[in-house]
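Trainee: If you want the building blocks of each chain, they are given just below.
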Amino acid sequence: MRIIGTLPQDPRPWSERRDGALADTTMRTTIGLVTRRLHLARQHVYRDFPMGETDRLRSVKDKREAIKNLDTLLAEFRRSVEDHGGHTYLASRAGDAVDIVRTIAKTAGVRRVVKTKSMATEEIELNQGLIASGIEVVETDLGEYIIQRAGEKPSHILAPAAHKNRAAVQQLFQWDARNARMEPPESDDPAILTRYARERLRQEFLQADMGITGGNFLVAETGSVVIITNEGNADMVTSLPPILVSVVGVEKILTDWQSLMHIIQQPAMNGVGQRLSSYTTIVSGIRAKDGVEGPQAWHVVLVDNGRTALQNSRYEDVLSCIRCGACLNACPVFREIGGHAYGSVYSGPIGIVETSLLTDLRVLPELSSVACTMCHACADACPMDIDLPGHIVSLRKEKVERHRTAKGADLTYRWWARQWATAKGYRRTIRMARFGQRVYRKHGLLQSGPGLASGWFQTRTMPPVAGQTFGEWWSKTRGGEGNEHGGK
Amino acid sequence: MVENDALVQQFVIRWEAMGGRSYLANGREQLRRACQHAVGDVIWKQSSKGAPYTVVYWNNPDVPDLDWSAIDSEGVKVTWVPWANTGEIRQITAGSFLGVTGCAWAASSTGSVALYSAPETGLLPSVLTPYHLILVPRENLVETVGEGLERIPRNPLPPLVKIITGPSMTADIEGILVTGVHGPGQVIAVIYEV
Numbered sequence: 001m002r003i004i005g006t007l008p009q010d011p012r013p014w015s016e017r018r019d020g021a022l023a024d025t026t027m028r029t030t031i032g033l034v035t036r037r038l039h040l041a042r043q044h045v046y047r048d049f050p051m052g053e054t055d056r057l058r059s060v061k062d063k064r065e066a067i068k069n070l071d072t073l074l075a076e077f078r079r080s081v082e083d084h085g086g087h088t089y090l091a092s093r094a095g096d097a098v099d100i101v102r103t104i105a106k107t108a109g110v111r112r113v114v115k116t117k118s119m120a121t122e123e124i125e126l127n128q129g130l131i132a133s134g135i136e137v138v139e140t141d142l143g144e145y146i147i148q149r150a151g152e153k154p155s156h157i158l159a160p161a162a163h164k165n166r167a168a169v170q171q172l173f174q175w176d177a178r179n180a181r182m183e184p185p186e187s188d189d190p191a192i193l194t195r196y197a198r199e200r201l202r203q204e205f206l207q208a209d210m211g212i213t214g215g216n217f218l219v220a221e222t223g224s225v226v227i228i229t230n231e232g233n234a235d236m237v238t239s240l241p242p243i244l245v246s247v248v249g250v251e252k253i254l255t256d257w258q259s260l261m262h263i264i265q266q267p268a269m270n271g272v273g274q275r276l277s278s279y280t281t282i283v284s285g286i287r288a289k290d291g292v293e294g295p296q297a298w299h300v301v302l303v304d305n306g307r308t309a310l311q312n313s314r315y316e317d318v319l320s321c322i323r324c325g326a327c328l329n330a331c332p333v334f335r336e337i338g339g340h341a342y343g344s345v346y347s348g349p350i351g352i353v354e355t356s357l358l359t360d361l362r363v364l365p366e367l368s369s370v371a372c373t374m375c376h377a378c379a380d381a382c383p384m385d386i387d388l389p390g391h392i393v394s395l396r397k398e399k400v401e402r403h404r405t406a407k408g409a410d411l412t413y414r415w416w417a418r419q420w421a422t423a424k425g426y427r428r429t430i431r432m433a434r435f436g437q438r439v440y441r442k443h444g445l446l447q448s449g450p451g452l453a454s455g456w457f458q459t460r461t462m463p464p465v466a467g468q469t470f471g472e473w474w475s476k477t478r479g480g481e482g483n484e485h486g487g488k
Numbered sequence: 001m002v003e004n005d006a007l008v009q010q011f012v013i014r015w016e017a018m019g020g021r022s023y024l025a026n027g028r029e030q031l032r033r034a035c036q037h038a039v040g041d042v043i044w045k046q047s048s049k050g051a052p053y054t055v056v057y058w059n060n061p062d063v064p065d066l067d068w069s070a071i072d073s074e075g076v077k078v079t080w081v082p083w084a085n086t087g088e089i090r091q092i093t094a095g096s097f098l099g100v101t102g103c104a105w106a107a108s109s110t111g112s113v114a115l116y117s118a119p120e121t122g123l124l125p126s127v128l129t130p131y132h133l134i135l136v137p138r139e140n141l142v143e144t145v146g147e148g149l150e151r152i153p154r155n156p157l158p159p160l161v162k163i164i165t166g167p168s169m170t171a172d173i174e175g176i177l178v179t180g181v182h183g184p185g186q187v188i189a190v191i192y193e194v
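Chains D and U supply the protein sequences, listed in that same order.
Residues in the first sequence are numbered consecutively from 1, following this note's numbering.
Residues in the second sequence are numbered consecutively from 1, following this note's numbering.
Hints were generated in silico from the structure; no laboratory data involved.
None of the values given here were measured: they were computed from a predicted structure.
Backbone N, C-alpha and C define an ideal beta-carbon position, used for all residues, glycine too.
Treat each hint with caution, since some may be false.
[What the hints assert, rightly or not] If you want the footprint, here are the derived chain U segments under chain D, 3+ residues with CB under 8 Å:
hint, segment
1, 21-27
2, 37-43
3, 56-65
4, 153-161
5, 166-176
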């Protein structure tokens with residue numbers, strides 16, 4: 001049976017989300033800067049480290065193969081984790097995953113949780129679920145901490161708080177310091193703001209009863225969860241609290257240690273243009289009996305939420321995504337509107353595709369039409385060779401076939417296509433436009449149009465249809481004189 | 001050995017490119033002097049913070065016994081605490097300014113060092129302190145992270161393996177790079193041969 005996933009959804013319509021993003025100059029400046037810089041860094045790292053390309057090609061092959069054998073590998077992974085003292089769970093739906101984590105926390109009497117950044121937990125809205133049960137959840141990635149304090153959502157997979165400037169962060173931290181009875185940061189210098197966060201979060205790490213991480217890779221052969229960060233918060237979360245819960249999408253599976261050796265550098269190379277991120281943490285078991293670090297209890301929650309439904313479909317390669325963010329950094333649309341406008345958890349080209357696919361076009365089906373210019377920059381950037389533009393075209397087609405587009409748009413385009421399918425129909429629409437345009441004409445230009453067309457005119461004008469078009473002039477002056485261009 | 005020299009050179013270039021600092025030491029005396037210098041340097045950097053200065057170090061063969069407790073910095077009192085599996089070590093480490101550890105291997109093409117968690121080789125001195133000093137014997141150098149991963153004992157795997165490639169860093173505020181967000185803001189490698 002096909003499991004259809006669920007994703008959080010911004011209730012605002014696309015036009016509002018888009019206009020909101022375009023009006024946010026802080027976000028646009030930072031996102032513009034960060035995406036271009038990371039995109040360039042990615043090109044440089046491949047140039048200076050040719051082995052990265054060999055590894056990448058090998059990883060594409062490994063990952064495709066692992067997805068083909070997903071069921072077997074997940075079973076092997078679970079066995080390996082359990083052999084090393086861990087517990088595993090398979091959550092078919094987002095809500096199931098939240099229930100599992102909540103039960104683990106409640107059973108152990110957990111009151112404070114520290115978390116690393118994890119898109120999977122954003123996807124299942126884990127924080128809301130735990131907070132509703134009276135458990136305190138603290139995000140420890142600096143960017144995530146900032147937006148958690150502000151009650152917002154991440155605007156970039158790797159730079160979640162890219163829409164906040166230093167003044168806004170200082171204000172948030174001053175308020176946060178009052179609540180925590182700490183010295184507030186004395187200026188808005190990013191180094192000082194970061195030092196405040198270090199001291200503030202240090203207490204949380206040491207006091208937390210439970211740590212929650214995501215995972216970049218799962219190794220079936222060894223039962224390992226691999227977590228990559230630049231801040232080192234995953235090292236705190238995996239070594240300090242007595243209970244560790246790793247919430248990871250099933251598609252993060254790798255067959256064996258060999259595959260890990262090839263793919264381990266790819267997230268950093270493609271995401272931030274480094275050969276490796278500052279910290280790579282590999283969790284493969286629980287704390288030794290007489291040990292003082294690492295989890296005493298380790299739970300791995302494997303999340304499906306619509307993923308396995310893509311197996312054996314034309315979209316199967318999407319499950320190879322390593323969440324590096326390279327397609328976001330390359331995308332001209334993302335560079336302008338940032339992540340929030342996409343309206344769910346995943347943004348950029350991969351967001352367009354995954355939001356529609358995980359939810360079987362139930363959530364934000366407009367994305368493939370509104371947030372892509374078909375420039376193919378994402379296809380060049382994707383290290384896993386995912387056919388992002390091909391999928392976007394295919395989703396547009398599927399959307400029309402399955403009547404998932406807005407009724408008005410559907411009827412308009414069908415009517416338009418029928419008219420312009422013949423020369424006669426085309427000429428008829430021109431005559432109609434000439435007649436109708438009077439209402440929309442101002443200062444000699446068309447400033448708006450009826451129905452759907454009005455959207456097009458929001459940022460553009462157009463010369464009006466001439467009193468006599470070239471075609472009309474031609475048939476009037478040369479038509480019927482037997483020359484080859486006809487005009488009948 | 002030429003090959004090893006090339007690995008050392010490459011490691012230093014990559015490690016420093018990622019923001020790490022490094023020392024090369026040949027023989028026990030140079031190693032001791034390098035460590036003494038590194039400790040003095042970080043104390044000098046910390047000077048505004050004031051004493052006490054506590055260092056937690058691995059008390060196992062990965063860290064050569066250099067008579068650590070005799071190392072101080074121009075009269076500044078340094079307390080040297082060997083890593084041990086006791087309840088208090090966590091708080092002591094959290095309050096220390098420097099962690100001294102060895103490493104299982106170091107990869108030169110990425111400038112990375114790897115640590116395995118075990119009762120005598122705790123990871124916390126590489127996590128909780130603002131500075132981290134890592135002793136890297138030359139023979140522990142490999143070329144790639146892949147080669148390093150291959151070296152990790154598989155049956156069973158250490159419960160936690162950590163690969164460090166530079167200091168803890170973030171660019172989450174306006175894309176500006178800041179080091180020392182959660183883990184050490186400065187990592188110092190001493191590559192040595194005794």
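Trainee: It remains to establish, for every hint, whether it holds in the given structure.
Mentor: A quick look at each hint next to the structure:
Under a criterion of three residues with beta carbons nearer than 8 Å to beta carbons of chain D, the stated coverage of the segment 21-27 of chain U fails, only 0 such residues being counted. Counting residues of the segment 37-43 of chain U whose C-beta lies closer than 8 Å to any C-beta of chain D gives 0; at least three are required, and the coverage claim is violated. Interface restraint, the segment 56-65 of chain U with chain D: violated (0 residues with C-beta to C-beta distance below 8 Å; minimum three). Check on the segment 153-161 of chain U: 7 of its residues sit with their Cβ under 8 Å from a Cβ of chain D, so the three-residue criterion for coverage holds.
Counting residues of the segment 166-176 of chain U whose CB falls under 8 Å from any CB of chain D gives 11; the rule of at least 3 is met.
Checked against the numbered hints given earlier, the structure breaks hints 1, 2, 3 and satisfies all the rest.
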